[in-house]
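S.K.: As they're listed, the protein sequences go chains A and B. The first sequence maps to residues 1 to 348 in this note's numbering. The second sequence maps to residues 1 to 297 in this note's numbering.
Be a bit skeptical, because a hint or two may be false.
[As the list claims (entries may be wrong)] Every beta carbon over 10 Å from chain A, so not counted as near; a handful from chain B, in silico:
(1) Ala69
(2) Lys200
(3) Ala228
[As the list claims (entries may be wrong)] Just so you have them, the derived chain B footprint on chain A, three or more residues with Cβ under 8 Å:
(4) 201-208
(5) 326-337
Hints in this document: simulated from the structure, not taken from any laboratory. Just so it is clear, CB atoms sit at the ideal spot from N, CA and C, and this is done for glycine as well.
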Amino acid sequence: MIEKNTQGEVWVFAEQEEGKLSDVPLELLSKGRELADTLKVPLGAMLLGHLVSSQAAKLIAHGADKVYVVNDERLGHYQTTSYTAGICSLITEHKPQIVLFGATAIGRDLAPTIASKMKCGLTADCTDLQIGDHEDKSAGKTYENLMYQIRPAFGGNIIATIVNPERWPQMATVREGVMPMSESDESRKGQVVEFNPNFNGLSLPMELHEIRRRPKKVNLKAARIIVAGGAGVGSKDNFKQLWDLAHCLGGAVAGSRAAVDLGYIDHDHQVGQTGTTVRPALYIAVGISGAVQHRAGMQESAKILAINEDRDAPIFGIAHYGIVGDLNDVVPRLTKAIRGGMSVKTTH
Amino acid sequence: MALNIVVCAKQVPDTKRITGEAMKDDGTVNRGALPAIFNPEDLNALETALEIRDQHGGTVTVVTMGPPAACELLRESYYRGADRCILITDRRAAASDTLATSYILSCAVKKIGADLVLCGRQAIDGDTAQVGPQLAEKLNFALVTYLEELIDVTDKTLRLRRNIGAGWEDVTTKLPALVTVMETANHPRPYASKRLMKYKNARSEGEIAGQVKAECADESEIAKRCEALKSKGLLIESWNLDDIEADLNWCGMSGSPTKVHRIQSVVLTGGEYHEIDPSDDGIGQFVGELIQEHTIG
Ligand SMILES: Cc1cc2nc3c(=O)[nH]c(=O)nc-3n(C[C@H](O)[C@H](O)[C@H](O)COP(=O)(O)OP(=O)(O)OC[C@H]3O[C@@H](n4cnc5c(N)ncnc54)[C@H](O)[C@@H]3O)c2cc1C
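For reference, chain A alone in the conformation it holds in the complex:
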C-alpha cells in the first residue's frame, strides 16, 4: 500500500519481449492519456528489461510524458521475482495513483503479484476505464476522481463498476484490442527517467532452459471481415462451413468462448471480454447467442450480421442485419450468394 496521492501519475506497464514492445501497452497508453488528462497529471510508462531503453521514444510518441527505464540483466527474460521487485520499488518511490497492465500471459502473472505485495486492489479484464466519484454510504464518505474499473459480471446481462477507494495504487488489467491505439506522434516530447531499483542480493528462483515462440494463429484485430461461430455450430466439423464462408470473403474465423471450450476452435480465435476485442467492417455471428462477455468484444463492429434460429437471442439486439433460421441452411446459401455475387462483379 502506498499513501494516497491525488497528484500521482497514471502509469502503464510497457511489456516488451526480446526488446520489442507488443501492441497492448501502446493501446493502454491511449486510454491512459485520457485518464491522465482528466486528472490533470502526467502519464508514465514503466519500461523494464535489459538494454531496452531504445523503446522509450516509441512510448513517448504514443502518449507517455515520462518513461521510467529499469535496466538490469536480471530483467532480460521475464521472471516474476525480478519484475515484481523492480515495479514495487518504482511504485513505492513515485506513488502513481493508477497502474495499468495488459491482460497477457505476463501481465496476468505480474499484476496480481504486485497487487498482493502492495496490498492494493486489482480488477481483471476491464472493458472500459473512466474517472468518477464514489460514495461509500455506510462510511458516509465521498471519494472524488477514482478510476472506475468496468467489466461484465458473472450472472448474465450485467456490467459491474469496481473502485479501489482506499488502498492504492488503483490497478487494472485490460485485454488486447479493448482500447483502440492512437496514432503515434514522433514530434511529442517526453522525459526518460533511469531508475535503479537496487537489486543487490536479489536471487531468482527460476532457471530457463529452452524457449520456443510460436506466432499467434490469427490476427483478428487486423481482419476487415470476421466470421464467428458459437456453440450453435454444433461440431468442429460443422465449423468448416464458417472457414469456407470466411475464405470466400477474405475474412478471418473467430469463435465465442463456448465454441473454444467445446474444442471447435483454438483460444487464439476467441472474441470477447477474455479473448480479443475486434472492430471489423463486418462481423458475422453464427450460432452465437450474444452474451454480455461476447458482445464486449465485438459490439463496436461497423456492421453486424447475426444468424440464429432463436429470434429472441440477445445478439439481435445489437445486430444491424439478422437472418432468423437454421445456420445449416443459411450459411451455405450465404456462401453461395457471395461466390455468385463476387464472380458477377469480376466479370463486369
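Chain B with the ligand: place on chain A using the hints.
M.R.: Relative to chain A, chain B with the ligand alone:
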C-alpha cells in the same frame, strides 16, 4: 523425497452451460439452473499433485474455501485419491475479493505446511487468474504460472514446461513453489470405485449440523455423529478463520480493497435493424447490397 502438496480448489457455477434454459427473461442467469462443479482447471491441479505423489510418495491435501455445500468438491477429491481434505468456512470470509481470498488460503497453507502448492490457472466464474499468483506472494513461494507439462521432480526443484501465450518455455524452479496448472497439462483421473464407496459418506461438521437440524433432532446429536464419523476417518475437517489464525482485518469485506461502485443491467437499445429473408432471393439481394456499398468484395 516425499513432498507435502496442497491443492487449492474452488466450487463454481458451471458457466459453460449458460445456455437458453439457464437464462431468465430479463437476461440474467438463473443460478439455480447451473450445477455447481469442481472448477475444471483445479481438477488438473489435483491430477498433477496425485501423479507426483503416486511416483514419489508424499501427501496431497485439498483445501477449499466456501459454504458447507463445497464439501461435495472435497468428497470428489477423496474419490480421486486425495489424502486429506479441508474446508475453510466462515461467514466473516464472505465478500472476499481475490486479495482477501489469497490471504485466507495462505493462513491455511501455513498451518498445513507445504513444499508445493498447486492451483488451477483460473476459475471459470471470473477468469481472473489472480488467486494463484497472490497466494504465492503471500507465502513467499516461487511462482510458476501456466503449467503444461511436468518434466522432473526432485526434493528441491521442479522442472517443467510452461505456456507463455505464444509458445512455451522449459524452466527449473526451486521449491517451495506455487504452480498454476492449465487444462492441457493432463487428463484428470476418474473416481476410484473403492474410494467412492468409502468416502461418499464423508461429511463435515456443518453438513451434520444441517442434517440434525432438518431432522429436528437434539443438538447433542451433532457431536455424537461427528465423533462416529471421525473414528471411521470420514469427518471432513473444517476450519474457521480463528483456527487458521487469520487476522480479520485482511479477510472478507475489510480485507478486500476492491468495492463494487455499481451494477447495471445492460439495455440493448439497438439501432437500425433489418431482417433478411432466409431464402436464396433474400440472401442474394442482401449480398448484392453489401457488395455495392463495398462492405465486401
Ligand atoms: C468470466 C467469464 C468470461 C467470459 N468471456 C467470454 C468471452 O471472452 N467470449 C465469449 O464469447 N464468451 C465469454 N464468456 C461466456 C459467455 O457468458 C457465454 O457463455 C458464451 O459467449 C456463449 O457462447 P455461445 O453464444 O456460442 O453459446 P450459447 O449461448 O449456447 O448460444 C448458442 C446459440 O446458437 C443458436 N443455435 C443453436 N443451434 C442453431 C442452429 N442450428 N442454427 C442457428 N442458430 C442455432 C442458439 O439459438 C443460441 O442462441 C465468459 C463467461 C464468463 C463467466
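S.K.: Next, verify each hint and record whether it holds.
M.R.: Against the structure, the hints:
1. Ala69: Non-interface label on Ala69 of chain B holds, nearest chain A Cβ at 18 Å vs cutoff 10 Å.
2. Lys200: For Lys200 of chain B, whose nearest Cβ neighbour in chain A is about 29 Å away, the distance exceeds 10 Å, so it holds.
3. Ala228: 39 Å, holds
4. 201-208: holds (count 4)
5. 326-337: Satisfied; 6 residues make the cut.
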